[in-house]
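Chains as they are written, first to last, in this note's numbering: chain D, 1 to 454; chain S, 1 to 443.
Mixed in with the good hints, there may be bad ones.
The calculated label-pair distances, taken between Cβ atoms and stated as ranges, are [stated by the list, open to error]: (1) Met217/S with Gly108/D: 44 to 52 Å; (2) Gly108/D with Trp329/S: 38 to 46 Å; (3) Asn7/S with Gly108/D: 45 to 53 Å; (4) Asp343/S with Gly68/D: 54 to 62 Å; (5) Glu32/D with Leu216/S: 22 to 30 Å; (6) Lys226/S with Ala30/D: 22 to 30 Å; (7) Ser127/D with Gly59/S: 51 to 59 Å; (8) Ser127/D with Lys294/S: 42 to 50 Å; (9) Gly108/D with Asn333/S: 38 to 46 Å; (10) Asn207/S with Gly68/D: 24 to 32 Å.
With a Cα cut of at most 20 Å, we get these calculated EDC-like pairs of lysine to aspartate or glutamate [as the list claims (entries may be wrong)]: (11) Lys349/S with Asp29/D; (12) Lys349/S with Asp45/D; (13) Lys349/S with Glu107/D; (14) Lys349/S with Asp57/D; (15) Lys173/D with Asp225/D; (16) Lys294/S with Glu266/S; (17) Lys349/S with Glu38/D; (18) Lys109/D with Glu395/S.
Chain D is nowhere near these chain S residues, computed Cβ spacing over 12 Å in every case [unchecked claim]: (19) Arg61; (20) Asp69; (21) Trp100; (22) Ala127; (23) Pro239; (24) Glu266; (25) Val326; (26) Asp359; (27) Ile365; (28) Arg373; (29) Cys385; (30) Arg410.
Derived by calculation from the structure, the hints in this document are not laboratory data. Beta carbons: idealized from backbone N, C-alpha and C, even for Gly.
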Amino acid sequence: MSSAPDIRGGRLPSGDYCNAFSDLHAPLDAHEARVAAERCLFCYDAPCVTACPTSIDIPLFIRQIATGNATGAGKTILDSNIFGGMCARVCPTETLCEQACVRNEAEGKPVIIGQLQRHATDAIMASGRQLYKHGAPNGRRIAVVGAGPAGLSCAHKLATLGYDVVVFDKRQKAGGLNEHGIASYKSTNNFAQAEVDWILSIGGIELRCDQALGHDFTLADLRRDFDAVFLGLGLQAANSLGIDAGELRGIEDAVAFIEALRQSADLSKLPIGRRVVVIGGGMTAVDAAVQAKKLGAEEVTIVYRRGAEQMGASRYEQELALTGGVVVRHWARPVAVHGESGVLRSVIFAATAERDGRLVDTGETFELQADQLFKAIGQLFVPQVLEGSSEVLDLDRGRIAVDADRRTSLPDVWAGGDCVAGGRDLTVVAVEDGKQAALSIDRTLQGFVPMAAE
Amino acid sequence: MADLSVNFCGIKSPNPFWLASAPPTDKAYNVERAFRAGWGGVVWKTLGEEGPPVVNVSGPRYGVVHGPDRRVSAFNNIELITDRPLEVNLQEITEMKRRWPDRAIVVSLMVPCEEEAWKRILPRVEATGADGIELNFGCPHGMSERGMGAAVGQVPEYVEMVTRWCKTHSRMPVIVKLTPNITDVRKPAEAAKRGGADAVSLINTINSIVGVDLDLMIPRPHTDRKATHGGMCGPAVKPIALNMVAEIARSPATHGVPISGIGGIETWRDAAEFMALGAGTVQVCTAAMVYGFKIVQEMITGLEAFMDERGYSKVSDFVGAAVPNVTDWQYLNLNYAVKAHIDQDLCIKCGRCHVACEDTSHQAITHLKDGVRHFEVIDEECVGCNLCASICPIENCITMVPLMDEVDRRTGRLVDGSCLNWTQHPNNPQVAKKPLEPLEPAE
Ligand SMILES: Cc1cc2nc3c(=O)[nH]c(=O)nc-3n(C[C@H](O)[C@H](O)[C@H](O)COP(=O)(O)OP(=O)(O)OC[C@H]3O[C@@H](n4cnc5c(N)ncnc54)[C@H](O)[C@@H]3O)c2cc1C
Ligand SMILES: Cc1cc2nc3c(=O)[nH]c(=O)nc-3n(C[C@H](O)[C@H](O)[C@H](O)COP(=O)(O)O)c2cc1C
Ligand code: SF4
Ligand code: SF4
Ligand code: SF4
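Isolated chain D (complex conformation) (with noise of 0.2 Å):
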């Protein structure tokens, strides 16, 4: 059987792209958070806290919740994570403090530690009050590339420190994957923009949009007129399927997608296939298919090459994806697509299998039919932005080398987020690499000596 390839938007009535597109939790409530916040031991030296990587006194923050004082323990969390309100929606908690929490082994339900940050946080960005203020100018200038949360992270730091910042943003707006990448249930009522906006308020950073390092300036260039620099550059290339597509209409880059679906101001305009394929097994995939699904796609296909428990997103994040409606196909991979008359028909698969360790085909094959398919296999990083500077940067994996310091291989060059080696493409890792990377700025800038241990 044959249909005529069909990718188009408007597929739900008008007033229900609200309601899809609405809050993943719905926010608690002060009674809710409560006794949410009761259910916290207030553990010694505690295990969520170890496992946060900005190490939220998470312990303390809870317990302001539940005396009352959620505006203080907004500040608790602010104070260690600067986008305390968008980690509280994006974190994977389920494989962070929430997977450390104590209760696990006594209830086998944590602590609901995301959603209590949330309610926090919210009741800052409801004050309307600001929490940080630019530091006493010290007359030293930094540079940030990239307005992330890992750039941005280190910007506020390095402000409330008294420097004087310069963010470039190749994008015409500032947040990196906070407003163009994050699902958009996950972050609704345009939030991003709004912590961004607060968090900039403080004075001190000057944010420069539409400036791409390697296009319209150079790394020798920031070197010369600012102190020190900080890379927060992110991931800008999608790695390939290694199949031959040829110039087929309908195969797409999930996380290009994503962007499109995040800066689209009617989603009932956005072309959305009738059945769609999602390779690849990480979050970017599960966001791209349940975002799918909730435009109206009819059949949405994740394909993995290997099993669940391999898979890069989490359990919680695979459960969202079945609720949703999606289905996961495992152990097969991609290795022809049809098209027909320049547009995607279906997907050919190869069924895959573990054998010593090593990946095979097991021989059979299978094919899918498809509108519209989205690569979600990793990005990648691209160097060649780095070039122009007579000094090399190193690299490890094809990212960023930094040292725990987020110091990269130049003296006054600093890195962090997805763009640097070894991290776990996390927004509150690259958070964690900002605010590491301007303290240890500020320690060398001046002339910190570490004391001998006390």
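Given the coordinates of chain D, work out where chain S with the ligands should sit on it, guided by the hints.
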């Protein structure tokens, strides 16, 4: 099946669960519902003398202490005695006793501290057919300013005098309800006994302010921007009430006086604890106000199951069973020693035991072992205080294990089962002067 019926100083009731004198017993409508639900008896809301009834505030009467999830752990109230006409109450009492002859109806009274006033009201109460009277010497607000309630209960001489008037002018059993707002509850109990009381009941409410509204800067609740102290009741007062009951039960001067235990009883277990310390009946107010009359069904079935399991066939089999095990600190065996022990399989590694012991002066629980999070008791430091076991969130995870025929690694002393109390202890400056006392005081 265990027999729950009781005969309490001559008052019979099918079970020991009575409603305390309070709003749930203020009128026939409530009492009817209570008896249908299964309550063994009621103490009618306190009656005052003939004449214009007292006037309550027309605003909030209750303050509340909430636990997590708004569970009520205590109330305080500024309600007065009944604000309904005396005659209406007496008629309803008569009617209720006629409809429910097997249930106990005790009438709580509070009239001015004059013999004539008591002489006037007692025959009228007797005429209702009520089983007995309870003298409200406890109400801590409103009535005490008028020389009644706690104002009487705090002066043992008055307690004795009024009790005697009641015994003189009535043939009904007299229960004297004691106030906890006093330093030594045994004193008014002794006075009641001297006056001829058939029983005592305790406790009435404890003077309290439950909290302050920090926006208005007025204690909660307020009446037109002024507040007054109220009387506190509910689960939070139970430990205070238990101690007062035990003090009366074990004091040689009052030992054997029937006790109706009151204060924070919510479940069969609470009731059984009061009874183990000597209460022949128990009275409930707050729990019925919070959850309604149906809770008595849980209490009845729970107490039955408990008694069946332990082989108690009637309530008197265990009433007072714990009294001989209450003693003064000086008679505790100072040679007895226990050590905390952590069950590593149950431990969830929250670390609370560590920080509790660490910051409470004994430093006897590890935090790390070979660099790994691990909580274990250091016997050389543990004094056996059981703080850790008390605060551990996991039941039975920390147990206190008695030492026997082994050396206490903290003190280096052999624990061999011998007894030595403070009255015998070499560190007691008085011991050198005195010969050894027996281990327990003579009864
Ligand atoms: C679809 C998707 C969903 C995700 N969902 C989650 C999630 O739910 N939870 C989670 O924790 N993480 C999630 N992540 C990962 C998370 O978004 C990233 O780890 C995080 O944003 C990394 O922050 P960053 O600051 O390093 O990079 P980015 O957020 O990518 O920001 C980099 C910024 O640098 C700018 N830039 C790049 N090159 C240049 C240049 N040459 N000149 C100037 N500016 C430049 C970009 O425009 C961008 O603004 C998701 C990622 C994707 C792609
Ligand atoms: C609103 C209220 C009114 C009360 N009124 C009386 C009263 O009129 N006479 C009395 O003897 N005790 C009165 N009490 C005290 C109760 O009878 C009882 O002694 C006390 O509440 C402790 O028991 P509980 O913890 O079960 O509530 C009242 C208590 C409350 C809460
Ligand atoms: S581990 Fe869980 S219970 Fe302990 S402090 Fe953290 S959130 Fe609270
Ligand atoms: S308090 Fe209890 S559960 Fe927590 S670490 Fe100590 S023994 Fe383990
Ligand atoms: S019993 Fe007391 S001293 Fe011993 S470990 Fe526990 S808290 Fe510490």
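Evaluation of the provided hints:
no., hint, result
1, Met217/S with Gly108/D: 44 to 52 Å, "holds (45 Å)"
2, Gly108/D with Trp329/S: 38 to 46 Å, "holds (43 Å)"
3, Asn7/S with Gly108/D: 45 to 53 Å, "holds (50 Å)"
4, Asp343/S with Gly68/D: 54 to 62 Å, "violated (36 Å)"
5, Glu32/D with Leu216/S: 22 to 30 Å, "holds (27 Å)"
6, Lys226/S with Ala30/D: 22 to 30 Å, "holds (29 Å)"
7, Ser127/D with Gly59/S: 51 to 59 Å, "violated (33 Å)"
8, Ser127/D with Lys294/S: 42 to 50 Å, "holds (45 Å)"
9, Gly108/D with Asn333/S: 38 to 46 Å, "holds (43 Å)"
10, Asn207/S with Gly68/D: 24 to 32 Å, "holds (27 Å)"
11, Lys349/S with Asp29/D, "violated (30 Å)"
12, Lys349/S with Asp45/D, "holds (10 Å)"
13, Lys349/S with Glu107/D, "holds (13 Å)"
14, Lys349/S with Asp57/D, "holds (17 Å)"
15, Lys173/D with Asp225/D, "violated (24 Å)"
16, Lys294/S with Glu266/S, "holds (12 Å)"
17, Lys349/S with Glu38/D, "holds (18 Å)"
18, Lys109/D with Glu395/S, "holds (17 Å)"
19, Arg61, "holds (24 Å)"
20, Asp69, "violated (5 Å)"
21, Trp100, "holds (41 Å)"
22, Ala127, "holds (52 Å)"
23, Pro239, "holds (22 Å)"
24, Glu266, "holds (20 Å)"
25, Val326, "holds (33 Å)"
26, Asp359, "violated (10 Å)"
27, Ile365, "violated (10 Å)"
28, Arg373, "violated (7 Å)"
29, Cys385, "holds (18 Å)"
30, Arg410, "holds (23 Å)"
Consistency note: the structure conflicts with the earlier hints numbered 4, 7, 11, 15, 20, 26, 27, 28.
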